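J.: One-letter residues, chain by chain:
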Amino acid sequence: MNPDTRLKDPLSLRVTPWISFIGFFVVWQLLIDTGIVPRILLASPAEVGQLFIDKLTNPDPDGAVLLTHTMVSLLEAVLGYVLSLVIGIPLGLLMGWFVVAEGLARPPFEMIRPIPPVAWIPLAIFWFGIGLTGKVFIIWACGVVPCVINAYTGVRMTSPTLIQMARTYGASDWQIFTKICVPSALPMVFGGLQIALALAWTTLVAAELIAANEGLGYLITMGRRLLRPDMIVLGMIMVGLTGWIIGNIIDRIERRLTAGLERGGAAT
Amino acid sequence: MNAALEHPTTVQGLQRHKSPAAILRRLLKNRYVLYLVSISGLLLIWHFSAVNFATSKYMPTPWMVLKELWRIAHENLAGKDLLGHLWSSLHRVLIGFAIGSAVGVPLGLFMALNRYINNLVKPVFDLIKPMPPISWISLAILWFGIGEESKVFIIAIGAFVPALINSYNGIRLVDPALYDAIRMLGANRWQTMMEVTFPAGFPALFAGLQISLSVAWSCVLAAELVSARSGMGFLIILGMTMSNPSMILSGMVVIAVTAYLITVVLSKVEKWVCPWKVELPQ
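Chains as they are written, first to last, in numbering that gives the first Met the number 0: chain W, 0 to 267; chain L, 0 to 281.
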């Protein structure tokens, strides 16, 4: 669980992560059980675990089972995320190589860039209501910025030597762009994907906290309205877990796609 | 990247007699012309889309947003003017950021320097890290009520995570050759820390603080969107409940300008406090 533990380490170093991990839950449970922290403020891990099993099948009291909430959030996130990739990455790549694309796309982009993603929420709700469209718009707006920046930077950081070599061999602008700039920008693009994902997930939760009738953020809000700390904690754990899983999947894809690049050292 | 690579056809610029097509081609290569075309095109499309099919109920014209900006700068909105709301947001950000980084930076440093502390803190930190700071808001409201404390708590959590990660990684990823060099020079443990560890780790640490501050700025907005009676987030949600899109947009303009100014000021400060930072080749 901790990458820093090695086999040759003394025993005390190897057990400390486990002590800490288990101790965290034990202290948490004891704090609730002994009444130091009142039950109205925080739920114990055991209660959260019970609720997790219960919520797998029981739609009460918030109207949907856990899987539905997760799927709704995931659907919103994935739709908005894919849209932002489809638009952001080609735009950023083109901006990095073609002067016309950069000149035309940069000013509007620089206007949108400093707006924190959560600031789009009221406008999106006003335009599209609290349903799927509004959420997808918000996630698109916050995901597209890192995609463009990283794709752009990736292309700009292409080694000039490679470009000059291609020119010498008579490659056209378009060939250089597709054969050299785009592959060498890939590691940066994947960095952008990870940033965009973290942003999209955070923003989605914020959007669901403010206006929604389904989704994990809604579960957290309902927990507060019904004074059910176990529901809040369960929602938070599900949000963290889902985000972590998606991040790992992207990491895996990245490693597969850029494996050849990093071996050759062309990524730098 | 040098200019010759970007303009492989500059030879054409040396021709004495330019055809209109050549002039057009040169204009299309000029960044500032393109910027001008882009901005005016954007404003025109915005204006006409607001005037024509979408009614002004959903989409105000750019001019209306400007007028609204002027109005909210002078009128009293829920007890404060624009500057008052901006200040109450900034005030929360500063307190939350101060708490978050005051906890995060030293903890990250200790984790990097001592493996026992690292092994004790990291498992718990890894549990907390993937949760978006905003998802703490319901617990924060249960614990602290809807006053200032719950917002400051969210901001502190948001600022804490990047501050810790970067100070931890900053110290751990110091070039080992530097340590070898200073040990050769006969430095003791304290001198090594003062002369190598901290100066070499500082740029990453400072970068973490920059991220913390921008995360703090979005956290305060999110917290104010959920429940507040003042602040910029409250202002734009007020625009939403009053069905006044120009108020939302002008609020977003102020938010974006503030975020931009924070970034600019911090990168200036960075040049000033750690001039030895190695810039990435762009």
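It is possible that some hints are incorrect.
[Unchecked claim] Quick look at which bits of chain L chain W covers, simulated, 3 or more residues with Cβ under 8 angstroms:
id, segment
1, 99 to 113
2, 137 to 144
3, 201 to 211
4, 216 to 224
5, 238 to 248
Just so you know, the hints here were simulated from the structure itself, not pulled from any lab data.
Quick caveat: nothing in here was measured; it's all calculated off a predicted structure.
Backbone N, C-alpha and C define an ideal beta-carbon position, used for all residues, glycine too.
J.: All hints are to be evaluated individually against the structure, with a verdict given for each.
T.: Cross-check of the supplied hints:
1. A stretch counts as covered by a chain when three or more of its residues have a beta carbon under 8 angstroms from one of that chain; for the segment 99 to 113 of chain L and chain W the count is 0, and the coverage is violated.
2. Requiring three or more residues with a Cβ within less than 8 angstroms of a Cβ of chain W, the coverage given for the segment 137 to 144 of chain L holds, as 5 such residues are present.
3. Counting residues of the segment 201 to 211 of chain L whose beta carbon lies closer than 8 angstroms to any beta carbon of chain W gives 0, which falls below the threshold of three, so the coverage claim is violated.
4. Requiring three or more residues with a Cβ within less than 8 angstroms of a Cβ of chain W, the coverage given for the segment 216 to 224 of chain L holds, as 5 such residues are present.
5. Here the segment 238 to 248 of chain L counts 6 residues with a CB under 8 angstroms from a CB of chain W, which clears the bar of 3, and the coverage holds.
Violated hints for the displayed structure, listed by number in ascending order: 1, 3.
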